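There are 4 protein chains.
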Amino acid sequence: MKAVYAAGTNADDPLSVLEVGERPEPEPRPYWSSVSVKAATVNHHDIWSLKGVGLAAEQTPMILGTDAAGILDEDIPVRKGLKAGSEVVLYTFVGTDGAGVMPGERRTILSEKYPGTMAERTQVPSANVFAKPANLCLDEAAALGTSWLTAYSLVFTSANVKPGDTILVQGAGGGVSTAAIQLAHAAGLEVFVTSRDEAKRAKALEIGADAAFEPGARLPRKVDAVIESVGAATWSHSVKSVRPGGTIAICGATTGDQPGAELTRIFFQDIRVQGNTMGSRDDFARLLRFVEHADLHPVIDSTYALADAPAAFAKVIDGDVFGKVVLRV
Amino acid sequence: MKAVYAAGTNADDPLSVLEVGERPEPEPRPYWSSVSVKAATVNHHDIWSLKGVGLAAEQTPMILGTDAAGILDEDIPVRKGLKAGSEVVLYTFVGTDGAGVMPGERRTILSEKYPGTMAERTQVPSANVFAKPANLCLDEAAALGTSWLTAYSLVFTSANVKPGDTILVQGAGGGVSTAAIQLAHAAGLEVFVTSRDEAKRAKALEIGADAAFEPGARLPRKVDAVIESVGAATWSHSVKSVRPGGTIAICGATTGDQPGAELTRIFFQDIRVQGNTMGSRDDFARLLRFVEHADLHPVIDSTYALADAPAAFAKVIDGDVFGKVVLRV
Amino acid sequence: MKAVYAAGTNADDPLSVLEVGERPEPEPRPYWSSVSVKAATVNHHDIWSLKGVGLAAEQTPMILGTDAAGILDEDIPVRKGLKAGSEVVLYTFVGTDGAGVMPGERRTILSEKYPGTMAERTQVPSANVFAKPANLCLDEAAALGTSWLTAYSLVFTSANVKPGDTILVQGAGGGVSTAAIQLAHAAGLEVFVTSRDEAKRAKALEIGADAAFEPGARLPRKVDAVIESVGAATWSHSVKSVRPGGTIAICGATTGDQPGAELTRIFFQDIRVQGNTMGSRDDFARLLRFVEHADLHPVIDSTYALADAPAAFAKVIDGDVFGKVVLRV
Amino acid sequence: MKAVYAAGTNADDPLSVLEVGERPEPEPRPYWSSVSVKAATVNHHDIWSLKGVGLAAEQTPMILGTDAAGILDEDIPVRKGLKAGSEVVLYTFVGTDGAGVMPGERRTILSEKYPGTMAERTQVPSANVFAKPANLCLDEAAALGTSWLTAYSLVFTSANVKPGDTILVQGAGGGVSTAAIQLAHAAGLEVFVTSRDEAKRAKALEIGADAAFEPGARLPRKVDAVIESVGAATWSHSVKSVRPGGTIAICGATTGDQPGAELTRIFFQDIRVQGNTMGSRDDFARLLRFVEHADLHPVIDSTYALADAPAAFAKVIDGDVFGKVVLRV
Ligand SMILES: [Zn+2]
Ligand SMILES: [Zn+2]
Ligand SMILES: [Zn+2]
Ligand SMILES: [Zn+2]
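Just so you know, the protein sequences line up as chains A, B, C and D, in that order.
The first sequence runs 1 to 329 under full-length UniProt numbering.
The second sequence runs 1 to 329 under full-length UniProt numbering.
The third sequence runs 1 to 329 under full-length UniProt numbering.
The fourth sequence runs 1 to 329 under full-length UniProt numbering.
What the hints contain is simulated information worked out from the structure, not anything from laboratory work.
This structure is a prediction, so every number in the text was calculated from the model and none was measured.
Accuracy of the hints is not assured; some may be wrong.
[Stated by the list, open to error] Using 25 angstroms as the maximum straight-line C-alpha spacing, the simulated PhoX-like pairs for lysine-lysine come out as follows:
| # | chain 1 | residue 1 | chain 2 | residue 2 |
| --- | --- | --- | --- | --- |
| 1 | B | Lys315 | A | Lys83 |
| 2 | B | Lys38 | B | Lys315 |
| 3 | A | Lys162 | B | Lys222 |
| 4 | C | Lys222 | D | Lys113 |
Generate the whole structure from the sequences, applying the supplied hints.
See the structure below:
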């Protein structure tokens, strides 16, 4: 079958090891289901894999892709409504709760140990298959499995906020940031955003942010929580911007992960820093219901054919995106 | 000054001990502030007081009223923005955190130990005075201190739900129920409601409920949490309607408090029952910000002059209300 | 193989349908492991099954037993230390997290859908097999899977207490109550106990209770949490004995499950009632480490051969026990 | 009255601004109580104050001291048992919950805004006075208000652990570290400790640690939580030593507060970092009950007369202590 995969790893030139070509179909496993992929999105995780972070050269070739929407190949007994032909979205975090894997198996995202989603067909534990929210097309639905799940978990599980509270989203434009803005707005939270780019600040306001600032700006007041994925460039500002007892929820560090830790502010002001990778299966289920109930539509930056994966990946690497970059299979 | 007060207690005929007349001004206390009341609302707590539940005959005459909006009489130092003449709303739960009272003093709602709000002037710990949300008139703002605070605490603190979840509000019409519907809807929750009264079911849908049912109806699916203030008439239905691991948040029992406890269902399905009276000062602060940010307006059933308190109370006792009954001072 | 099983169900005379005889070996399933049972204990769950509560007549014959210690039959890959021949204890709650079962499968305790542990051999998801704590013999270790897991979850997950707090254990003698006393004492909690039986009160003090009272006694002060498994006979006392904001953690209702619910006290005093059946796999893992670290030994009331199961069951039904009744295979 | 105070601030030579001499008695305030101090301990907070961190030169002269045991000067109404002459310990965190101060007043530890405890007489909100645990002498009891409260809060509120879990205490010897070891041990937790000093490692084992390691040592396995007060010298080791999903609870950074933040490990492994200064009044109350119930005795390194405060401070600055340095008034 056709697939987008890492042919090797290259820390300096990740695109040099990205290939589109033939790969074997996934092998059946007990308690797993196969899905014909219709759309997947490009995530930073895919770039890291190409660079060899979290993916060793000896594991390649490895099909990339950590989210997907598609068509279920066979009925899943027990779970009503999931029939062959159903439009579905995938929870791609495997081993978090033992479904379909050996006990003690380390949790892993598709494309780390098991083949990823950027292929004509992929496979996940049957427990990880969910009906697509009815209000979304397949392109939009593909965004849910990685960026939107992470954003949901950051805002509603890690950030520890309630309606009436204010969150600061550091950096506007990326998949997680745009999702966080849309989700928090729909839940009645006040949303502040920072971005270096005036156009992105304007777009952030359009999708639900209440105020947008230049990076490092002094905010009108301290916030209850910060959604942090930028890292070194914003860390100090995040620590200074959160109120005593507030939370910094962090899912990435695209500008570097070793800023000064600011320990004194953290302990003196009872600040919580909560790391967050992906999210739980329960949160994924809630996300799907929320997206449908509030009729939220993930912002799509652009859509590419599978064969054009290199162009899609280049766009994400350049960082000049607002919302998700979709690969259509 | 003019005030509405319990002249005694009478379990069978509470209106017989309700009086409107002259009462002394409140005495100054350190760390307390005085407020010229403009509006207060009638709550079940006031009826219970007249009946002698929570108020002993020897404590009467006692000014009633557990919420208020009004004009601050003097500046409050330290808390910027609270100046003489400011429009304010009051947090009337005293002693929950020691502000303005002796350590170890039992927590108490205004009108239990300290005079209530249905008077030309009332007094609370200065920490309990908050600026009125700018989007509300004083009549609407009066609703926040009891019903809306309770509803906020039930839905966002006790019920343990997240966006994507569904709550069931038992009984539509009362102040807490209508507040819970409006608040939960604005936070993106799915809201089911029950009521015997078709007109109230229709109105519940207008203010944000997603579906309305007759009492005891089998729901389309189990809910994540139940907001319970009805008691005996709905308890068994509440226990059967909540999913395993879900929560029943309870703030009242107007139809009786001794239904069969349903302990087997509770323990076997890991159900949580969370009692909830009023809410914390932090939750009150969040409520005010949320009401303003989401531009929520408490539903007002009707408005009366202070002198017409008996008619206002009679309306609440009859139960034929949808939203809050306001007394204008 | 030899097994203790329900040959049918009988609500009035549960012992009449209890049989000891030959039953087929369990069939292999993917991601499950087989264990040669050495000891299991009799729990109220087994009695309920014989009565047809939670077990339908058409599901019989069903092997009983919800806990076990024994010898692992084959290596479990991935989980180091679990080799053929290892002494192990079993987590018998299946489907709580998807390990080894289909997604959406309702959670179930062994002997409800899958054969139980009172047999020469039983089978659980491989994720549910744990090394036996080194300080325990197999008889003692058998007690961990049901009573001790439940007690751990009640005290340390549901009851929401910290060192310095006081818990009340309603009823001394049963497997969960004795486990709760031993566990809470080892964790530095203050423990109050009630029992009708003076000898049991004395024994409770020996195993770690700080004070023992007659049922319904007025306690020296309100407690932070109540461990409730008695039900109707103690419910009202439990509600009156817990402090405002405290928790009643409930895992059973042996004297009836429909006492008056006491809703007014519950909501007015912000009481939490937390239902609790068994416990999570993570809590089971913690329990095993705690039992070994604190060198706790489950109190054994008496030990029977598998063939003498009817006598063992009769003892539990009579209720004249202090600690666990063990069946040795 | 006699007092130990900062006569000014000096970042390089804190002892140069430490004086023992006459200071005015505290002025009465409503809802505050006066206490005749018998013992206080030297904390890092006092050293920071002398250095001008958290204390501005224009606030000096300021009486130092953030904990105390002593004799209550007058009855406290409402709180039974607190009579003139009672032996008491003090909760010195003011403004955390509004008791005795203006709303909105920033929370503050005695000696920051209000005079500290190293004097013949000090004053706190009446809500902050607690009966001394009966098992302790006044010297020991003085240790509870700062180091022990902080340790209790770190281990039982911030660290998010349960019996069966393992904590790592970075650095043995300081007041918080020794308290954390003693408290965690008494609560049944497994305790690992690090120290550069062999003698301190040996003493840590004596007071309840299960294993002691050199700084940076690879541990036998990852821990559930780290108690971190050392900062730069141990931060990286702390992040590497905690299990995925575990917590680093931090109350200080004596070796520097700007190590590399290790953001990638934190987010990828869902690690929580929880800042913690002092603790809540509720936790202080629990601490007192726990200390008495488990008969814990704070380790005292040495005791000095008030007049010898400079020697006592020098000892703490040198860091060659194991347990608390007490000043006897
Ligand atoms: Zn907004
Ligand atoms: Zn809705
Ligand atoms: Zn004890
Ligand atoms: Zn130990």
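Results of checking the hints against the structure:
With a CA separation close to 54 angstroms, the supplied pair Lys315 of chain B and Lys83 of chain A exceeds the 25 angstroms bound. Restraint check: the Cα-Cα separation between Lys38 of chain B and Lys315 of chain B comes to about 21 angstroms, which is no more than 25 angstroms; the hinted pair holds. A distance of roughly 24 angstroms separates the Cα atoms of Lys162 of chain A and Lys222 of chain B; the hinted pair therefore holds under the 25 angstroms criterion. Our distance criterion of 25 angstroms between C-alpha atoms is broken by Lys222 of chain C and Lys113 of chain D, whose separation comes to about 37 angstroms.
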